[in-house]
Amino acid sequence: MPFTKIIKPMLAVDHPNAFDSPDYLFEIKWDGYRCLAYCGDDVKLFSRSHRNLNQNFKEIASDLEQISCRCILDGELIMLGEDQKPSFSRLQRKSLGEIATYIVFDILYLNDQYLFEQPLIKRRELLRSLIENSDLNHVVISRAIEKHGKNFFQAAVNHELEGIVAKEKTSVYLPGKRSSAWLKIKHRPETDAVIVGYLPDRTGFKSLLLGQYGHGRLVFIGAVGTGFSEKEKTVLTAGLAKIVSDCALVDKPEIANVVWVKPILVAKVGYLEYTADGRLRQPSFLGLRTDKKAEECVMP
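If you read the sequence shown in our numbering, its first letter stands for residue 27, the second for the next number, and so on.
Note that these hints are calculated values from the structure, not bench results. Any given hint could be a false lead.
Said to hold, decoys possible - When the alpha-carbon atoms are kept at most 25 Å apart in a straight line, the in silico DSS-like pairs for lysine-lysine are as follows:
(1) Lys34 x Lys176
(2) Lys259 x Lys84
(3) Lys31 x Lys120
(4) Lys268 x Lys318
(5) Lys210 x Lys232
(6) Lys148 x Lys111
(7) Lys294 x Lys120
(8) Lys268 x Lys257
(9) Lys319 x Lys120
(10) Lys319 x Lys203
(11) Lys120 x Lys70
(12) Lys148 x Lys203
(13) Lys31 x Lys148
(14) Lys176 x Lys259
(15) Lys210 x Lys318
(16) Lys173 x Lys210
(17) Lys148 x Lys120
(18) Lys203 x Lys111
(19) Lys212 x Lys268
(20) Lys257 x Lys31
(21) Lys176 x Lys210
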């Protein structure tokens, strides 16, 4: 019997500081692609925008075929860099011969029953039992600790990881909703922005102009000129040249020599803060988000 629902993942809310609490579980915030895995007669991997990921992650789909029951898992696909830390840029460049890891942290369906109304701690018990009793090579459960969020966050920072997620133990699963029951805490904030143009130079471009949607309108939030590898600049330059267009912003900035492009590419950007006029301060390019649509890039 095929699954009858297309599920969008539950999302976390940004939170400024780590904290201690007996009411929460604390997990690492993994730097990868959010992925829902539908396991049954065959395995389907879907991104948060419901793009099929099977072709790029055949090793994960094959691994999940070892699960003997029908279930839907929620987790993050990651690739480790040479330093054995999650590498978002390597994940983007993944070739078919490379091996990813699927970090699972939730289970949404098991044995013909949706589990949305079950509390998180119960869902994790079911998930642990399922994974530990399956012979899996590239699928692991995300570690969760109790109470000590501050120390856990500091350990994540010390290991140069993205941050942590704090989840209420009793939280139900809200598909497609951003809920304060889940809090993401990062040591350097990140955001996703639409590439709306670029400033050309002899290397291809010196900076990308960025926008985000506010009240349904695409608004300028600044430019990013750091963080690109030479390979990324080469690939981006070639891709941007194919989508040159008119300015899509409602508040077109007075910047000379801009080449405007169609607002279809999404960049992951680190930054220090948003300024009072809505610009990113000290932005740095972290990679392209091929798993996210432009209209999902909204102002905080």
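Each hint tested on the structure:
1. Lys34 x Lys176: violated (30 Å)
2. Lys259 x Lys84: violated (28 Å)
3. Lys31 x Lys120: Violated. Lys31 to Lys120 sits at ~29 Å, over the 25 Å cutoff.
4. Lys268 x Lys318: holds (20 Å)
5. Lys210 x Lys232: At roughly 32 Å apart (the allowed maximum being 25 Å), Lys232 and Lys210 break the hint.
6. Lys148 x Lys111: violated (30 Å)
7. Lys294 x Lys120: Holds, because 17 Å separates the two Cα atoms, which is no more than 25 Å.
8. Lys268 x Lys257: It holds: about 17 Å lies between the C-alpha atoms, which stays within 25 Å.
9. Lys319 x Lys120: holds (20 Å)
10. Lys319 x Lys203: holds (16 Å)
11. Lys120 x Lys70: The hint holds at about 19 Å.
12. Lys148 x Lys203: holds (20 Å)
13. Lys31 x Lys148: The hint holds at about 22 Å.
14. Lys176 x Lys259: violated (37 Å)
15. Lys210 x Lys318: This hinted pair holds, its Cα atoms lying about 18 Å apart.
16. Lys173 x Lys210: Satisfied, since the Cα-Cα distance of roughly 16 Å is no more than 25 Å.
17. Lys148 x Lys120: violated (34 Å)
18. Lys203 x Lys111: violated (29 Å)
19. Lys212 x Lys268: Roughly 35 Å separates the two Cα atoms, so the pair is violated.
20. Lys257 x Lys31: Given that 25 Å is the threshold and the Cα spacing comes to 39 Å, the pair is violated.
21. Lys176 x Lys210: Holds - the C-alpha atoms of Lys210 and Lys176 are around 13 Å apart, at most 25 Å.
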